[in-house]
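Asks: Sequence order for the protein chains is A and B.
Residues in the first sequence are numbered consecutively from 1, following my numbering.
Residues in the second sequence are numbered consecutively from 1001, following my numbering.
FYI, nobody ran anything at the bench for these hints, they're computed from the structure.
Just so you know, these numbers come straight off a predicted model, no measurement behind them.
All C-beta atoms, glycine included, are put in the ideal place defined by N, C-alpha and C.
Watch out, some of these pointers could steer you wrong.
In silico contact screen, one side only, chain A against chain B (beta carbon under 8 angstroms); selected entries [what the hints assert, rightly or not]: (1) F34; (2) P40; (3) Q42; (4) L44; (5) L46; (6) R69; (7) R77; (8) S80; (9) W83; (10) A87; (11) E88; (12) G106; (13) F110.
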Amino acid sequence: AQSVTQPDIHITVSEGASLELRCNYSYGATPYLFWYVQSPGQGLQLLLKYFSGDTLVQGIKGFEAEFKRSQSSFNLRKPSVHWSDAAEYFCAVGNTGGFKTIFGAGTRLFVKA
Amino acid sequence: DTAVSQTPKYLVTQMGNDKSIKCEQNLGHDTMYWYKQDSKKFLKIMFSYNNKELIINETVPNRFSPKSPDKAHLNLHINSLELGDSAVYFCASSQRPPTGGLANEQFFGPGTRLTVL
């Protein structure tokens, strides 16, 4: 069965500093991986996704993520965080056939001035 | 134009009541979902429908009954509401991939915050 672990419940970074949010997955086949962001009081929005090919994927809002099969990881990064990036971030893995996506527990990002 | 919309945005009700939440998507997607997000932000899938057919039912109490009158709508009816049903409920949609194909990204509605007193 597929599963996703986000080890950090919350992270605080200074504005302008770099960011890395960790995600580890478990899935028997080729994983389909996603990062979503949820701003307070909003629904989830897709930041980026990985299906195959280049293991470094670029997303919206300056985010990128790197797929590392050997580590079963799909960490999200941003070189310089903006105050507007404060939100909840969810890593997710989808199964072949596409009907079931499992979400991690989320990492809350706080940005300090 | 809102891609995935839900009504109502807030719902406050008494224990034991029956209530419905409506969801509509104008993206032309084949697949729709209901998720429950608890107070710790944990997001759990409840149901998935593809072309009005139930595909996934994740051990949800049978007090919860989804209904899909057409591909663009997926409503959630809840009978005999309990305190533990208090949560934010999200509707989402995606384009169904070809058989054996890729899991597609989902588009989420703004959520319905249900409070059971």
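Asks: For every hint, state whether the structure bears it out.
Replies: How the hints compare with the structure:
1. Contact between F34 of chain A and chain B, as hinted, is supported at the beta carbon level, the nearest pair being about 6 angstroms apart and thus within 8 angstroms.
2. For P40 of chain A, the shortest C-beta to C-beta distance to chain B is roughly 11 angstroms, which exceeds 8 angstroms, and the interface hint is violated.
3. About 6 angstroms separates the beta-carbon of Q42 of chain A from the nearest beta-carbon of chain B, less than 8 angstroms, and the hint is met.
4. Because the closest C-beta pair between L44 of chain A and chain B is about 4 angstroms apart, less than 8 angstroms, the hint holds.
5. The beta carbon of L46 of chain A comes within 5 angstroms of a beta carbon in chain B, closer than 8 angstroms, and the hint placing it at the interface holds.
6. Contact between R69 of chain A and chain B, as hinted, is not supported at the beta carbon level, the nearest pair being about 17 angstroms apart and thus beyond 8 angstroms.
7. For R77 of chain A, the interface hint is violated, the least distance from its beta-carbon to any beta-carbon of chain B being 20 angstroms, above 8 angstroms.
8. A cut of 8 angstroms between beta carbons decides the hint on S80 of chain A: the least distance to chain B is about 25 angstroms, and the hint is violated.
9. With its C-beta approaching chain B no nearer than about 20 angstroms, W83 of chain A sits outside the 8 angstroms limit, and its interface hint is violated.
10. A cut of 8 angstroms between beta carbons decides the hint on A87 of chain A: the least distance to chain B is about 11 angstroms, and the hint is violated.
11. With a cut of 8 angstroms, the hint placing E88 of chain A at the interface with chain B holds, because the nearest CB-to-CB distance is about 6 angstroms.
12. Look at G106 of chain A: its Cβ gets to within about 5 angstroms of chain B, closer than 8 angstroms, so that hint holds up.
13. About 14 angstroms separates the beta-carbon of F110 of chain A from the nearest beta-carbon of chain B, more than 8 angstroms, and the hint is not met.
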